[in-house]
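Peer 1: Kindly generate the complete structure, drawing on both the sequences and the hints.
What follows is each chain in one-letter form.
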Amino acid sequence: MTQDKHPVLSEHFERLKELMPDVYAKHFREERETKNQKLFRMLKHSLGVIEAVYLQNTDNFSLSKAEEYSKIIEELKELGYSYSGQPELLNLAAKFMIMKAKKPMEKAKGATQKEKKDRKAM
Amino acid sequence: MSRVVQFPVSTPEHLGPKKARRRRKPNLEDYGQLNMFDQLPDNTPILSLPKAGSFFEEALQLDEEGNKDAEKYYLLAIENDQSVEDALCNLGILKSGQGDLTKAIDHLTQCLKRNPRHFEAHYNLGNVYSDLGNLELAKVHYELSAEIEPEYPNSYYNLGLVLISLKKYKEAIQSINKFVELAPRSEHQTANEIIKTLNAIAK
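These protein sequences, in sequence, are chains A and P. Counting from 1, position 19 in the first sequence corresponds to residue 19 in UniProt numbering; the numbering is continuous, with no gaps. Counting from 1, position 141 in the second sequence corresponds to residue 141 in UniProt numbering; the numbering is continuous, with no gaps.
Since the hints were made in silico from the structure, they are not lab data. Incorrect hints may have been included.
Now the in silico label distances, taken between C-beta atoms and shown as ranges [claimed, not checked]:
| no. | chain 1 | residue 1 | chain 2 | residue 2 | range |
| --- | --- | --- | --- | --- | --- |
| 1 | P | Glu79 | A | Ser46 | 45 to 55 Å |
| 2 | P | Asn80 | A | Glu68 | 35 to 45 Å |
| 3 | A | Lys107 | P | Asp81 | 14 to 24 Å |
Under the rule of at most 25 Å between Cα atoms (straight-line distance), these lysine-lysine pairs were calculated in the DSS-like manner [as the list claims (entries may be wrong)]:
| no. | chain 1 | residue 1 | chain 2 | residue 2 |
| --- | --- | --- | --- | --- |
| 4 | P | Lys113 | A | Lys107 |
| 5 | P | Lys167 | A | Lys100 |
| 6 | A | Lys38 | A | Lys77 |
From a predicted model like this one, the values you see are computed outputs, not experimental measurements. Positions of the beta carbon are idealized from the N, C-alpha and C atoms, including for glycine.
Peer 2: Written out as structure tokens, the structure reads:
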């Protein structure tokens, strides 16, 4: 029967892990990570991609997309995760939310109706 | 020998009710007329004449009802030179509602080309530009609409919101105060809450 780990080599690798924790950190983290933590890491990565797209061309990023982005950050905070987000994008989203409260469009009523409206009682 | 000449007798006309009979459709070309309207082409738009008096009024009525035909009637109003500026302005609103902001700006600026002091067009352009995130342009158009129609409260409210977004809090307070001055009492609550918050920030 073969052994899974050679005792001498195993000891050697344990020593290497102690000497170079950075090299082995990723491997350890992946082993210990729960499913939720993995999802959070993936989400952070996706948000990073969104931020990169925004920084590459700020004009192409519509306000509604900025609002969606800020909603994700907000929900993450509510779930107890900390992710500060891209400040410029969050600022853009805040502006969009303020302007959403604006008064609606005003239809032009045509010359005759305006005249009727302006007519005063004699 | 005498000759008997028959007296011409016309057959008596049938008196009483007369049945309607289907007549054969005459071929107009037999009478020298070119029959151009024998069949309608498939793509002929069938539009009824405006009930409300003009194409513009009909369009406005349909627009208020949320009827999609409003757009066709606004275009007919423009073709027939009826309230062209107002029709262009309202087409801009329709396009903005459909999410076509580029077309909305096109119609609204066409309106301003004909009448640079069209207050609704300036106000609506303010709304379109704020939807696009161009707050500086939105500010200019709200200011112009307030200049042309100083008694219209909503220009001041929306201008106030733009000024908040631009972090010009003192000017925003002035603008929203002006709204409160002009707007009916039922609309004061939200505005007063905004002013309260702004006063706390501006201190």
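Peer 1: All the hints need checking, so say for each whether the structure fits it.
Peer 2: Hint check:
1. P:Glu79 to A:Ser46: 45 to 55 Å: 51 Å Cβ-Cβ, so the 45 to 55 Å window holds.
2. P:Asn80 to A:Glu68: 35 to 45 Å: 44 Å, holds
3. A:Lys107 to P:Asp81: 14 to 24 Å: Given a distance of about 20 Å, which is inside 14 to 24 Å, the answer is holds.
4. P:Lys113 to A:Lys107: Measuring from Cα to Cα gives roughly 18 Å; hence the hint holds.
5. P:Lys167 to A:Lys100: 16 Å, holds
6. A:Lys38 to A:Lys77: Holds, because 17 Å separates the two Cα atoms, which is no more than 25 Å.
Consistency with the previously given hints is maintained throughout, with no hint failing.
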